[in-house]
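> Given only the sequences and the hints, what does the whole structure look like? Please build it.
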Amino acid sequence: MNTAKQRKASLPERGFAWAAAFLLALFLVASLFSLLAVQVMTSAGLHTGTATNDSVLDGQMKIIHNYIGVLADAYGFEAETVRQSVSRDELRDFNLNAAAWWTGVLAEGESRTIPRWYSPAMEQAIRNAVDSAGTGEDPNVILAEITEKIDRTVYPLRESLLTTGLDFVNKRADIPGIVRSLRQVPPLCLVLCILAAGLIALLAAREVFSSLKYYGTALAGAGLVLAAAGIIYAVMQLKAMLSQASANLADEFGTMMHTLFLEAGGAAAVLLLAGFACLFIYRNRFEKHMAPGEEQAA
Amino acid sequence: MSTKTERKPGRGIYLLPLAVAVPIAAAAAAVFIRFWPTVHKLLSIMIKLVVKA
Chain A
35 MNTAKQRKAS
45 LPERGFAWAA
55 AFLLALFLVA
65 SLFSLLAVQV
75 MTSAGLHTGT
85 ATNDSVLDGQ
95 MKIIHNYIGV
105 LADAYGFEAE
115 TVRQSVSRDE
125 LRDFNLNAAA
135 WWTGVLAEGE
145 SRTIPRWYSP
155 AMEQAIRNAV
165 DSAGTGEDPN
175 VILAEITEKI
185 DRTVYPLRES
195 LLTTGLDFVN
205 KRADIPGIVR
215 SLRQVPPLCL
225 VLCILAAGLI
235 ALLAAREVFS
245 SLKYYGTALA
255 GAGLVLAAAG
265 IIYAVMQLKA
275 MLSQASANLA
285 DEFGTMMHTL
295 FLEAGGAAAV
305 LLLAGFACLF
315 IYRNRFEKHM
325 APGEEQAA
Chain B
950 MSTKTERKPG
960 RGIYLLPLAV
970 AVPIAAAAAA
980 VFIRFWPTVH
990 KLLSIMIKLV
1000 VKA
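One line per chain: the protein sequences are A and B, in this order. Residue numbering for the first sequence follows our numbering, beginning at 35 and increasing consecutively. Residue numbering for the second sequence follows our numbering, beginning at 950 and increasing consecutively.
Among the hints, a few may not be true.
Derived, one-sided and incomplete: chain B residues facing chain A with beta-carbon distance under 8 Å [as the list claims (entries may be wrong)]:
1) K957
2) I962
3) Y963
4) L965
5) V969
6) A970
7) I973
8) A977
9) A978
10) L992
11) V999
Below, computed lysine-lysine pairings styled on DSSO-like, alpha-carbon distance capped at 27 Å [to be verified]:
12) A:K183 <-> A:K273
13) A:K96 <-> B:K997
14) A:K273 <-> B:K997
15) A:K183 <-> A:K96
16) A:K183 <-> B:K1001
17) B:K997 <-> A:K183
Think of the hints as simulated: they come from the structure by calculation, not from any bench. Each residue gets a CB set at the ideal place from its N, CA and C atoms; glycine is no exception.
Below, the structure is given as structure tokens:
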């Protein structure tokens, strides 16, 4: 018995359902992008993970050690003891403090006191090295230069300019309020997704499986849009732009974007799989309802 | 409300997501092409101002 006779939705209903599928795809993409943006603004884990990444720390240690070597040649002291006094653990902690400061500024939109490098062990090593060399150089000058270099390495952005700019803007606009509002964008986008999905379900209510066609198209379409966004990002070559100004900042930026890319790529893969699974189920439901002769004719 | 018998859709159904993705991606690409030169210049200026050498 042929049970494939279904009550099809009318043309306007199908048109509205396709429009709702298009909107669902758009809201899914907007949700994901806003989630990533909010993560950059508020996720302490993302920034601390970037700041304590081994390749970032290796790069920073190399910059600092090279600079100590340059100063040792210029001032005539022994570089190795000073290099060994710059502890990787202390540098990691300093990076964590800097990441916490940066997260606070991004999340709240307010400027805060900037943590600075301070290492008693390094200070003592510099004094000992300069005393041993007997050149009469002032160890405080060398200490100040190395400290400034470490600060510039960990804070590749002109944080004083950023905080001054932020203070200036905060007098004229409620930046913390705007930042808090921006955090509401992802849940709002998700609510819009649910509304679009609900609309599709209503319009396809005559036959439950028909809605799979619309959901599958929306989900897989959103996945494809995310893939296209990845291509546009690759064309922008932001990391190359930053590396011309600061190799260290480019490293940190690349590490952070790598994490975000993995998340976005995972989401795109899930959306594509779910979308094509819906379309597969929709297409193959017909086989269960058709008699053998009708299946051959189809 | 139609009550015609439905035939099994062909494999072309798997191309339906492109009907959604292509307009969105094309619009994004058009905006990118239109505004990227300006954004690139602004970003370069900002990087020079804000990033320490």
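> All hints, please: hold or fail.
Quick rundown of the hints versus the structure:
no. : hint               : verdict
1   : K957               : holds, 4 Å
2   : I962               : holds, 5 Å
3   : Y963               : holds, 6 Å
4   : L965               : holds, 4 Å
5   : V969               : holds, 3 Å
6   : A970               : holds, 4 Å
7   : I973               : holds, 5 Å
8   : A977               : holds, 7 Å
9   : A978               : holds, 7 Å
10  : L992               : holds, 7 Å
11  : V999               : holds, 5 Å
12  : A:K183 <-> A:K273  : holds, 22 Å
13  : A:K96 <-> B:K997   : holds, 24 Å
14  : A:K273 <-> B:K997  : holds, 14 Å
15  : A:K183 <-> A:K96   : holds, 12 Å
16  : A:K183 <-> B:K1001 : holds, 11 Å
17  : B:K997 <-> A:K183  : holds, 18 Å
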